[in-house]
Amino acid sequence: MATIGHNNLNAKLVLLGDMGAGKSSVVLRFVKGQFLEFQESTIGAAFFSQTLAVNDATVKFEIWDTAGQERYHSLAPMYYRGAAAAIIVYDITTQESFSRAKKWVQELQKQGNPNMVMALAGNKADLEEKRVVLAEEARTYAEENGLFFMETSAKTAKNVNEIFYEIAKKLPRAQAPQNPAGMVLVDRQGDAARASSCCS
Amino acid sequence: MYATQSKRNMSFEYQAQIINYRPSLHTRRANLTVKFQDIYGFSVEGNVDDVNVLNEVREKVREQGRVWWALEASKGANWYLHTHVSSTLKASLKLSALANAITLKRLIRKGIPPVLRPKIWFALSGAAKKKSTVPESYYDDLIKATEGKATAATKQIDHDLPRTFPGHPWLDTSEGHAALRRVLVGYSFRDSYVGYCQGLNYVAALLLLVMKTEEDAFWMLAVLLEDVLVSDCYSNNLSGCHVEQRVFQDLLTQKYPRIAAHLEALEFDVSLVATEWFLCLFSKSLPSETTMRVWDVLFYEGAKVLFHVALAIFKMKEDELLLSHHVGDVINILQKTTHHMFDPDDLLTVAFDKIGSMTTNTISKQRKKQEPAVMKELDQRFRRLNSLKDAVGQ
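Those sequence lines, one after another, are chains U and A. According to the numbering used here, the first sequence is numbered sequentially starting from 1. According to the numbering used here, the second sequence is numbered sequentially starting from 1.
Take these hints with a grain of salt, some might be off.
Which bits of chain A does chain U cover? Going by a derived footprint, with three or more residues having C-beta under 8 Å, they are [as the list claims (entries may be wrong)]: (1) 157 to 166; (2) 196 to 206; (3) 237 to 251; (4) 274 to 280; (5) 378 to 386.
No lab work stands behind these hints, which were simulated from the structure alone. Just so you know, even glycine gets a beta-carbon here, dropped at the ideal spot from N, CA and C.
Given only the sequences and the hints, what does the whole structure look like? Please build it.
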């Protein structure tokens, strides 16, 4: 869950999605600015942290990058429980990964933290020639389900920082009203509200 | 072993680094990061002290080799096979078998020399016995039968081949990929219930590096999944793995209540780190020779060894862990620790001399105790997801 102290916010973020959709690559690009053509497959989950400055506040993301294979699904609740944000990643070159992304969305809507900020990332946007999932289709789905949507490319870095930045901007607003107890929101409400409208 | 490999000629780089950093040894010793290749060909990053530790380890491995050769010379080539005390043996033979068993256990905990590993693992794990129960041509036939077949498992295996220790000088070649593919695909057909589980790629890759032949690596994988580890570690919903995680949590609470209480207060669940440890058998976390040393004992003493090692890792960092304030700190401490455990004896001494004994019997009881709860939880989850699907379908 996101916790706020003065202008600093700690936020647990989880990445979910099909095997090979590029979850680890998105994280690696965001955290280290690197890209590996062949990223080691993640077993269980991997943990990273990265701090972002948003306006004059900072958001420290505690990122859980999970394993994508179906049978690892039984571990997922441990990672999304109490998460302030989730990025659901699919690969624009496979329909299967998009279907799987939708399943994750449904599960989070039902089981996850109700205030969770959810982003849908159509990754591998650099592989335009192999595209099978249309951006419009994904955008419509995202809008209908209250997610914000971006197409990303861990390879070219397109929209990777942006997606985390958008989440960071949405966090205080999503968290504050529902969780007044134990949180001290210091003069950031105005900014947070202004930041709320943008998407994709 | 962990994700620091890159595609380059590493042996060349290793040489170059050695020459380059020597002159500055005295100046910035602690801060220097060097990249080098360990004895199994993995590219490792560490500081100068780590390199020195690895050189000491190499020397210890050589010494240990001399001990094993001396024993072969005095007791006969396959002495380690004669450790079974059967009731039909004569008293004098029983005594020698018992003596061999005690010697062997101690020796294995001190490490099997890399050159002897293929032979000794194969004999002591039960892989040789398993292989002997099927026709000679079993593996070849299996591989032939799977050629050209595409299943969900083969698709996932193909996807993971280049993602298994990328950059390794042999594993990450077309030859390495092909061998790993045959072993994994072969196994997915041998046991279609397990099929392919991510994690097995790393385990099978290391087995290929150690065992002399691909076929022997296959049998080691088979014995590991079918006899050494608890069942259902890798199948279906990983229920076996869930059970092991709960047993581990209980053991930590029993053995190190202070650490367990502190971690609980931080809402740190041991499975956040231990899932990978148990499913990859430490191959993604520990340096290669340290991993192999854990496996030496694993194949001889069984799955409880994983608990010994996991407990030891927490124990070794007790002070630091007790000072941590955050889940992230705990993970960073443990990751940094495992990645730098270049001296296997540091870890194994704690694992086997300081943890206190845990018999396979008591651990089996603990597993039995946890199983119903795990099954219930997984079942409930399965139902919830199904009701989700129905709702979506309408």
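Right, here's what the structure says about each hint:
1. Under a criterion of three residues with beta carbons nearer than 8 Å to beta carbons of chain U, the stated coverage of the segment 157 to 166 of chain A is upheld, 7 such residues being counted.
2. A count of 5 residues in the segment 196 to 206 of chain A with a Cβ less than 8 Å from any Cβ of chain U is obtained; the coverage claim is therefore met, three being the minimum.
3. Evaluation of the coverage hint for the segment 237 to 251 of chain A: fulfilled, as 4 residues show C-beta separations to chain U shorter than 8 Å, against a requirement of three.
4. Three residues within the 8 Å Cβ limit are the bar, and the segment 274 to 280 of chain A against chain U gives 4, so the coverage statement holds.
5. With 4 residues having a beta carbon nearer than 8 Å to a beta carbon of chain U, the segment 378 to 386 of chain A meets the requirement of three or more and the stated coverage holds.
Violated hints: none; the structure is consistent with every hint.
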